[in-house]
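Residue numbers (this note's numbering), protein chains in the order written: chain P, 44 to 378; chain F, 142 to 471; chain L, 9 to 329.
Among these hints, one or two may not hold up.
[Stated by the list, open to error] Reference excerpt, derived from the structure (chain F facing chain P, CB under 7 Å, subset only):
1. LEU367
2. HIS373
3. HIS378
Calculated from the structure, these hints are not laboratory results. For glycine and all other residues, C-beta sits at the position ideal for the given N, C-alpha and C.
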Amino acid sequence: MTLLSARGIHVHFPARGRRGAVARAVDGVDLDLAPGEILALAGESGCGKTTLARSLLGLIRPNAGTVSYDGVPLKYDAASLKRYRRQVQLVLQDPTGALNPRHTVYEAVAEGLRIHGLTDDEPRRVAEALARAGLRPPERFFLRYPHELSGGQRQRVVIAGALVLEPRVIIADEPVASLDASVRGEILALLLRLRDELGLSALVVTHDLGLAWNIADRLAVMYLGRVVEIGPVAQVLTQPRHPYTQALVSVLPSTLGDGGSRRPIVLTGETPDASRVPEGCRFHPRCPKVTDGTAETAGVAEACRTKELPVLDGVGPAVACHLVDGRLPAAGGQA
Amino acid sequence: MTDGSMTEDNVAHGGAAAGSAPVAAPDGAARHEVTTKAASIAWRRRRAALARFWREYRRHRGGVVGLIILAATAVIALAAPVITDPDGLDVTKATGGVLDPPNREFLLGTDEQGRSVLLLAVWGARISLLVGVTATLLAMVIGTLVGIAAGHFSGWLSAALMRITDWFLVLPRLVLAIALAAVLGPSLLTIIIAIGLTSWPGTARVIRAQTLAVEARPYLERARALGAGHWHQMTRHVLPNVMPLVLASTTLEVASAILSEATLSFLGLGDPSRISWGTMLSRAYGSGAVTAGSWWYLLTPGVAILLVVLSFTLCGRALEAVLNPRLRGR
Amino acid sequence: MLTVRDLRVTYHSGRTAVPAVRGVDLDVAAGQRLGIAGESGCGKSTLASALLRLLPPGTEVSGEILLDGEDVLTMSFGRLRAVRWAGASIVFQGAMHALNPVHRIGRQIAEPLLLHRTVPPARVQARVEELLAQVGLPAWRANSYPHELSGGQRQRVMIAMALACEPRLVIADEATTALDVMIQAQVLELITRLTTERGIALVMISHDLSVLSSTCDRVAVMYAGRIVEEGPAREVFTSPAHPYAAALAAAFPTVGDEASRLRPRGLGGDPPDPAHLPPGCPFQPRCERAVARCASTDVRLRPAGAGRHAACVHVDEEVAA
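Pulled out of the complex, with its shape left as it was, chain P reads as follows (with noise of 0.2 Å):
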């Protein structure tokens, strides 16, 4: 039973340069969210997870596809955002930038309630969701200002702006990117807290994977605006079967047996812009089964080349990849 699901997603930005052309961002993708599930998107610049993310939200109204929570689809009216508001709620990137330095700590999380009406008891309210975000006391942090905290409290703060109207998705988008190192691991281990504490579920878009290990359940790796490969976080990771998984699993600095055990596997090139997609897998010019040839082998080199391959379904474990031949047995089945 899912909490919240995308079905057949297409988001399109009129691309620069030539007329007419289009950056197809996000180009068909399901995924399914469970109650109390930690799902991480993963990919690199490009690759449309932040755009996917944005449309869960209803930030962006894709050009096609149905978001639907709690198994009601998304209507778009301002209403009916507003209510859906209360129950999935964002986490940005950059903690500084996210909070009005002219507001006050109590301020930015208090406006999440102030806007929707909710201010009964406001300052308990305030300083519980302070609380569970690891400020405390709560009442010290009140009327500070963001200046005066570091990252790490700081992305406390918009997180408690978020916990204040109860949701149960956050979505989270590079929640610690630009924190200190240090630090990245109290405010994931409070991610991971807030959903055995409240069951709240959460997509966290990320391009490492190593955050993806540390506290995701599910993984859905994306490439140039399509999920590749979607399964169980130590399944994908450990036993990657679609090439460029593979290829960013190999690259990751890895102690397991000796340093060079997993020869890594660089792509040459750079992801292609949005608007000039390949033909067929939409990865089969920096594939690296297809330049060493064992995808000619295997007799799928002219699939590759020529046809499209399905979207995956929102929970796997899937893998979109002629020479894997896309479905695993269902959950259940050993990978």
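Based on the hints, put chains F and L in the right spot on chain P.
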């Protein structure tokens, strides 16, 4: 301290001890003691911020000079009915000679009807300042509304607003004033409207640019994600961040408005029964003071305009310099 | 090749003295790669700028920085200008902003060549194309403007520029931080290959200890202006001796390691304010292994195994045990 049962007493005491009670919220009458404590703390912070601002402003000597001159002018203008005898303005009660040069009785000489030029200048200050400030206020209000709306909304509304702005931008002030005078009759209101309607586009464009910059910041997105509607976004986030810029540009606008008032009054479009610096110049010109060599009649309003305009400009520049580094930091 | 002895850098802002670097010793041999790990405020960028005397005027610098035997800090300005770029060069973070947007790439790469006259003007064009080829960019890119290139490509241009005058030392200051994982891998591979091929010494500065551990031979971890641990890169990452190094290493969990699965480990507290350092060990307020001694002893680097040093009171006992 952190359990769910936070009573107001707890918060009040916690606030007294740690000085951190919540900031006054506009609702919830049940939080009175808490509110007062918080309000006093918030007020203290504001005073500290103001003190910081003043310290920074003081460093710009030009701004301080301008402020002094403006303050003096304002005081004189406001106190005119008290410190001078308004009877001196009445033509029938004039006691001086025609176009007398400055002497002990009339420090700046007399006009062509025997009135003290100094007295006229003091009373003229009232009109000039009034018109300048009112017209600017009008321009600022319209400009801010249009600018923020044009920057915040996208699509046809923004495009429409920008086209309207462009239309008013190219409207020639003088021609509009003359046309208005023909319709409404020459009066202060005519001048105020003429100046206001032709000044607001400049402000609107500047504010729109700043609005676009602010809108791109992450905390606006966060506000949207929290469920904020347009009104909330514009008033709680955009306006406070745009106000400093508005203030700085307004000061400069007043200078321009006073000059315009002088011009339009000079051309006879203002209220004929009121003295302003512009009308003084007009009469000086019309009564042949120039050819008669009555420099005091011409120089007095001229220098007065110069001083006030200069002061506003200096203040405006100093304001910009003080507010800009902080603007950039945001 | 590069020897740094007791380097101290103090900024003066207003009336406060901020000691950014408080006594750092380093040794890098030709062809060796040294990583410097640390977070914001630890002094690593100050250290990088100090190596080429690029600090703002009014900054107090003491100690020795020996580049091939010559002390950078006491060089004449003329000699310094010659050394800058031809002796040692820097690859900065955020290449997007380090390139002049109105000049073509080729011209910007040629700039150091022309300034240092390492190559006769007639040969400059050829050398630029050579450099572009070495960093994996096609020769025709010399005619592009920076905004026509992607982030990864711009970083490669920065590397080409850094190598233009064939320096003996390259300092990479967070050179790959803003890049995607795959681009970062490409750029790291490039840097490693080029420095190995030419026997160039490399000093790599980053907050990502995992990246340093896989690219560098040795790594030094900085905290509050001092080095708190140094040793072979792999070892420092897998079995750190200093609690801060352990926290930093834990911030980059190894995929596949069960110990970090669903167990994020972070460090409480805030990074120290260089202007107000606590007495004794600067890490002690945040350290989970702090004892009473830590607040009173000024802890220096002590041996912590073969070729390793760590500045922690617990190290003696462990080595002895």
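Hint check:
Below 7 Å, beta-carbon pairs count as interface contacts, and LEU367 (chain F) has one with chain P at about 4 Å; its hint therefore holds. The restraint placing HIS373 (chain F) at the interface with chain P holds, with a minimum CB-CB distance near 6 Å, inside the 7 Å limit. The closest approach between the C-beta of HIS378 (chain F) and any C-beta of chain P is roughly 6 Å, which is under the 7 Å cut-off, so the hint is satisfied.
The earlier numbered hints are all upheld by this structure, with none contradicted.
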